[in-house]
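Chemist: Here is how the chains run, residue by residue.
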Amino acid sequence: MSNWAEFFAMGGYGIYVWPSFVIVTVVMVGLALQSWFDLRTQKRLIAELEVISEKEKP
Amino acid sequence: MTWSIHTFASPTRFMAFSSIVLPYVWAAAIAFIAVGMYLALFVSPADYQQGESVRMMYIHVPTAWLSQFGFGLMAFASAIALVFRHPLADVAAKSAAPIGAAFTFLALVTGALWGKPMWGTYWVWDARLTSVLVLFFLYLGYMAIWATIEDPNRAARVAAVLALVGAVNLPIIRFSVDWWNTLHQPASVFRLDGPTIHPSLLWPLLIGAIGFTLFFIAVHLVRMRAEILRRRVRTLQMQRAAT
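First to last, the sequence lines map onto chains A and B. The numbering of the first sequence is this note's numbering, which starts it at 1 and goes up by one. The numbering of the second sequence is this note's numbering, which starts it at 1 and goes up by one.
Hints listed in this document are in silico derivations from the structure and should not be mistaken for laboratory results. Glycine included, every Cβ here is placed at the ideal spot set by N, Cα and C. Be aware that one or more of the hints could be misleading.
Said to hold, decoys possible - Derived, one-sided and incomplete: chain B residues facing chain A with beta-carbon distance under 8 Å:
1) 106
2) 109
3) 215
Model the full structure from these sequences, guided by the hints.
Modeler: Listed below in structure tokens is the structure:
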């Protein structure tokens, strides 16, 4: 690979190669983040319910 | 309430186990993907027929592999859920669906983007492409069942039956390139007589595929953890409502 312009051109296939790498990256990062945020939300809900049940103890 | 110990024992063990292994699975996934993508983009040679467009193989093949791995996992977990009523099994099946659906979507999109320069078309209604599109709709149908049926036990049973029936599609996808005339090439990695792909392209592909698979496992563990906690939240809320 002699220079970056040549690398990004991908022998003329750049318009197909780069969008496919970008969409795979976006979907995989999005999926990982969404899963992690969901886990964090459920942890918070559990913690809140435990606080409530502690308060309600006589 | 003696049954609750039995019901929660193995999810509790799973929560402890998964929290220990998750950082290592993430680290390994990121390392393999980084090395695989570096080799794919900078080291591996251009194909003698396809030129630089062959680099799309390094993301198309792993996503296509995981689209089928996800459904196989879902069908296996569904069978365990139906037969043994193991409390983790339908959590595992339910959690695999959105990941499998995402990878099926990516396999279709990267396939279309590879198909345009190589075949001259983004899409063709042939056996391989159509059976993978059917796989995508099976995932969506499976997720729709969980989303629409209120009673979780009933949703689990109906979804499990769909996963098992839908699994018939997996061998159809696998052998579609042999049974019908299609633009899609036949298998070149997992063959009885060994890979027909050159080692300079095979190694980056395998390293990337291992990385993507580890990524699938990591996200699956995270989603299973979230699902187990979601069910605990539900149980706690129902206990509060009952008292």
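Chemist: Could you work out which of the previously given hints the structure breaks and list their numbers from low to high?
Modeler: Violated: none.
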